[in-house]
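Novice: Heads up: the protein sequence lines correspond to chains W and D, in order. Here the numbering used here is used: the first residue of the first sequence is 150, the next is one more, and so on. Here the numbering used here is used: the first residue of the second sequence is 539, the next is one more, and so on.
To be clear, the hints were calculated from the coordinates, so they are not data collected in a lab. Be a bit skeptical, because a hint or two may be false.
To spell it out: a stretch of chain W is covered by chain D in this simulated footprint if at least three of its residues, at any positions, have a beta carbon under 8 Å from a beta carbon of chain D; those stretches are [claimed, not checked]:
no.: 1; region: 195-204
no.: 2; region: 209-222
no.: 3; region: 415-425
no.: 4; region: 428-434
Take a look, some chain D residues computed to stay more than 12 Å from chain W by CB distance [stated by the list, open to error]:
no.: 5; residue: 590
no.: 6; residue: 610
no.: 7; residue: 645
no.: 8; residue: 712
no.: 9; residue: 717
no.: 10; residue: 728
no.: 11; residue: 741
no.: 12; residue: 768
Glycine is no exception: its CB is placed at the ideal position from the N, C-alpha and C atoms.
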Amino acid sequence: VAVKPLPLTTSANPQAKAFRWDKLAPYIFISPFFIIFAIFGVFPIIYSGYISLHEWTGLNPPMFIGLRNYENLLRDNDFLIALRNTVLLLLISGPLTIGGGLLLAVILNSKLVRFRNAFRTIFYLPLVVSLVVASQVFNLLLGNPFGLVNEMLARLGFERINFLNEPAMTLVVLSVLILWKYVGNDLVIMLAGLQAIPPELGEAAMVDGANPRQVFWYITLPLMRPVILFDIVLSTINTFNMFAEPYNLFGTTGGVNQSGLVTGLLLYRTSFTLFKFGYGSAIAYLVGIIVFVLSLIQLRLGTRDHER
Amino acid sequence: MAARVETSRPVADQRSQRLLMIVVYGILGFAAFLSLIPLYWMVMSSFKPLNEILTIPVLLVPQNPTFENYRLLIEETEFERSMFNSIAVAFINVVVQVFLCSLAGFAFAKYRFRGRNLLFTLVLGTVMIPVSVQLVPNYIIMGRLGWLDTWLPLIIPTAANAFGVFWMRQYMFSLPDELLDAARLDGCNEFGLFWRIVLPLARPGIGALALFIFTTSWNEFLLPLVYLRSQEVYTVQLMIASIFRTRFQQNFHLLMSASVLAIIPMTVLFVALQRQFIAGLTLGSLRE
Numbered sequence: 150v151a152v153k154p155l156p157l158t159t160s161a162n163p164q165a166k167a168f169r170w171d172k173l174a175p176y177i178f179i180s181p182f183f184i185i186f187a188i189f190g191v192f193p194i195i196y197s198g199y200i201s202l203h204e205w206t207g208l209n210p211p212m213f214i215g216l217r218n219y220e221n222l223l224r225d226n227d228f229l230i231a232l233r234n235t236v237l238l239l240l241i242s243g244p245l246t247i248g249g250g251l252l253l254a255v256i257l258n259s260k261l262v263r264f265r266n267a268f269r270t271i272f273y274l275p276l277v278v279s280l281v282v283a284s285q286v287f288n289l290l291l292g293n294p295f296g297l298v299n300e301m302l303a304r305l306g307f308e309r310i311n312f313l314n315e316p317a318m319t320l321v322v323l324s325v326l327i328l329w330k331y332v333g334n335d336l337v338i339m340l341a342g343l344q345a346i347p348p349e350l351g352e353a354a355m356v357d358g359a360n361p362r363q364v365f366w367y368i369t370l371p372l373m374r375p376v377i378l379f380d381i382v383l384s385t386i387n388t389f390n391m392f393a394e395p396y397n398l399f400g401t402t403g404g405v406n407q408s409g410l411v412t413g414l415l416l417y418r419t420s421f422t423l424f425k426f427g428y429g430s431a432i433a434y435l436v437g438i439i440v441f442v443l444s445l446i447q448l449r450l451g452t453r454d455h456e457r
Numbered sequence: 539m540a541a542r543v544e545t546s547r548p549v550a551d552q553r554s555q556r557l558l559m560i561v562v563y564g565i566l567g568f569a570a571f572l573s574l575i576p577l578y579w580m581v582m583s584s585f586k587p588l589n590e591i592l593t594i595p596v597l598l599v600p601q602n603p604t605f606e607n608y609r610l611l612i613e614e615t616e617f618e619r620s621m622f623n624s625i626a627v628a629f630i631n632v633v634v635q636v637f638l639c640s641l642a643g644f645a646f647a648k649y650r651f652r653g654r655n656l657l658f659t660l661v662l663g664t665v666m667i668p669v670s671v672q673l674v675p676n677y678i679i680m681g682r683l684g685w686l687d688t689w690l691p692l693i694i695p696t697a698a699n700a701f702g703v704f705w706m707r708q709y710m711f712s713l714p715d716e717l718l719d720a721a722r723l724d725g726c727n728e729f730g731l732f733w734r735i736v737l738p739l740a741r742p743g744i745g746a747l748a749l750f751i752f753t754t755s756w757n758e759f760l761l762p763l764v765y766l767r768s769q770e771v772y773t774v775q776l777m778i779a780s781i782f783r784t785r786f787q788q789n790f791h792l793l794m795s796a797s798v799l800a801i802i803p804m805t806v807l808f809v810a811l812q813r814q815f816i817a818g819l820t821l822g823s824l825r826e
């Protein structure tokens, strides 16, 4: 069989072609991601700022009004209520969930405790339950006189109440729902943090006469500070984004006296039931800025001077 | 003095140790009880006729357990169609996102190219920006594209999953460069490297990512609520939250059986693949 000689032009410099292809390949590989990322990820962030400077309601053409949406927001009672509720919710549910996650993690990190895997599985289980389903179940448990919680209270001699119609209980119900659904999430984060601490530290302190409580306060907790801080920042972001729980429990009104109105719910109501796109975008931007500033403050306060 | 301390300490230790263990198991038991109660109640209620759900005193187990709620759900409503829709959307999301994220992650991990660090910082920078900021503009864009009331808004924007790129990049750092160079010498082209060598080796990382994407997609509520109008395209979460909530009065029996059906796929996956799930969780610490 006669072998056809390769054309000289390609065989003369085979490296050149492979070399160029090699240079181009990474750009081709990232381009499908980046095209979508640019159109639906980055551009909307800028576009949202643009929309927020307009009065833009449903079908009407947008009208430029400068910063008036933001000025109105600062005087808008609904916005201030939503902001207050969200901060209160964060103050109640944050310590509960983070503290609970840390407590369970410290316990489940100990080799002395048995059935650790079984307990972990149980605490992770609510994580796969959707927020919609979780809200329906909590509605059944708390939102009528036939609920299980009312039954227990009634046996103890209390009156049966609809927890979802009590303005004072609204944020508590939401906090309990958050605690139930997400304590496993904080547990995962905390366990990962604890497992990074060398056990010899605690053992050495025990040999020197420290008791478990001292080991926790003086060794574990200081070493866990960055992890806890990370968790606090995450909780802040998540609480300001919260939507499905209050929507499914209280609807777009936010319940009696808007006691369950949080920023995520107000954003949805403004943008997609009233179709005020400009005003909605202003809410999204302002809340985004508030969350950003809060996170910075948290990181600042939580980081010691020598670490900066 | 010193001798007394040495002999008495172990005894005191033993006693406080036992007390500590009682407290520890008390906490664990109570927390496990609280974790399981809503699930227990959901399952039990799904087997009760409506009148047994709305009764005082409440029944801890159904008096006349029945599959009637499930029969109603399947025969009288479009519920199973929404289940199928959710499976389809989640499956497409997994395939598209896994492919885009591992391709981009591979480029970021294994190539040096101009603008790499800048582009990667851009990807990471947007991770912290809440979805809500993009929601209104994306809704307007979808309207212009004529994509409202289709699954495209649930698939295309989320395809740019910054978490996923970060995750796959971390995973692919650990793949040996020598292996890639050897394959190049054997005449494998760059995409062949990705397709035939990198993807199979990155399977555990991909598994965790796929599971995370599937869960997120299955449980997603805000996007279907905003974009979908016709019941034929509804996802399961939207079906539960809107149709059942409003169409039937006092419908806890249907809501609970629908809820049970809606969590079955996730629970099965969770029990079967718990390790990958936990790996995905650490990546998905941002809530839905």
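Novice: Hint by hint, which ones does the structure fall short of?
Specialist: When the structure is compared with the hints, numbers 2, 5, 7, 10 turn out to be violated.
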